[in-house]
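Please put together the full structure from these sequences, using the hints given.
There are 2 protein chains.
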Amino acid sequence: MRATVLVRPKPGILDPQGQAVGNSLRHLGFEVGEARVGKLVDVELTTDDRDEALAQLEQMCEQLLTNPLIESYAIELERA
Amino acid sequence: MRATVLVRPKPGILDPQGQAVGNSLRHLGFEVGEARVGKLVDVELTTDDRDEALAQLEQMCEQLLTNPLIESYAIELERA
Numbered sequence: 050m051r052a053t054v055l056v057r058p059k060p061g062i063l064d065p066q067g068q069a070v071g072n073s074l075r076h077l078g079f080e081v082g083e084a085r086v087g088k089l090v091d092v093e094l095t096t097d098d099r100d101e102a103l104a105q106l107e108q109m110c111e112q113l114l115t116n117p118l119i120e121s122y123a124i125e126l127e128r129a
Numbered sequence: 050m051r052a053t054v055l056v057r058p059k060p061g062i063l064d065p066q067g068q069a070v071g072n073s074l075r076h077l078g079f080e081v082g083e084a085r086v087g088k089l090v091d092v093e094l095t096t097d098d099r100d101e102a103l104a105q106l107e108q109m110c111e112q113l114l115t116n117p118l119i120e121s122y123a124i125e126l127e128r129a
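Chains as they are written, first to last, in our numbering: chain A, 50 to 129; chain B, 50 to 129.
Since the hints were derived computationally from the structure, they do not count as laboratory data.
Fair warning: this is a prediction, and the values are worked out from it, not measured in the lab.
Don't take every hint at face value.
All copies of an identical chain are treated as equivalent in the list; a pair is satisfied when it fits inside any one copy or across any two copies.
[What the hints assert, rightly or not] Lysine to any residue pairs mimicking SDA-like chemistry, simulated, CA-CA at most 25 Å apart: (1) 88 with 63; (2) 59 with 78; (3) 59 with 123; (4) 59 with 75; (5) 59 with 95; (6) 59 with 98; (7) 59 with 104; (8) 88 with 112; (9) 88 with 68.
Structural data, given as structure tokens:
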């Protein structure tokens, strides 16, 4: 089963990359408010059980993929 | 209207960060296949028209947010 983990800076955490993107977009003429930049990780799991996959992905997020002090995450499982 | 742009390395493009993540996950004991790392951009648009928003976001991707030679993108609009 394939999954995508979306990692974002938590609200209130300074995001200079997002500020730079927002400024550049406005400079190019786009009417945008705040922009925030995060990362995504696509991962191929060996399990096809959705509950098991979610449990594994949460562990991965806590152990490696995110810094829980400053980042939040969302998990998207491939539709069955 | 809020939107999220997901930017991924195209298939076949070397992704050393993804390889490192995959190796680290396996080292931690997770059974995973390939991992790929990309970025995401959350952006707040002034328009509430979905077609207009999509058109603007595609332009943003082509002009600033992605390198079309090596990256593909997907756009997720906030549900109305």
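Notebook entry, point to check: Looking back at the hints listed earlier, which ones does the structure fail to meet?
Noted result: 2 and 6
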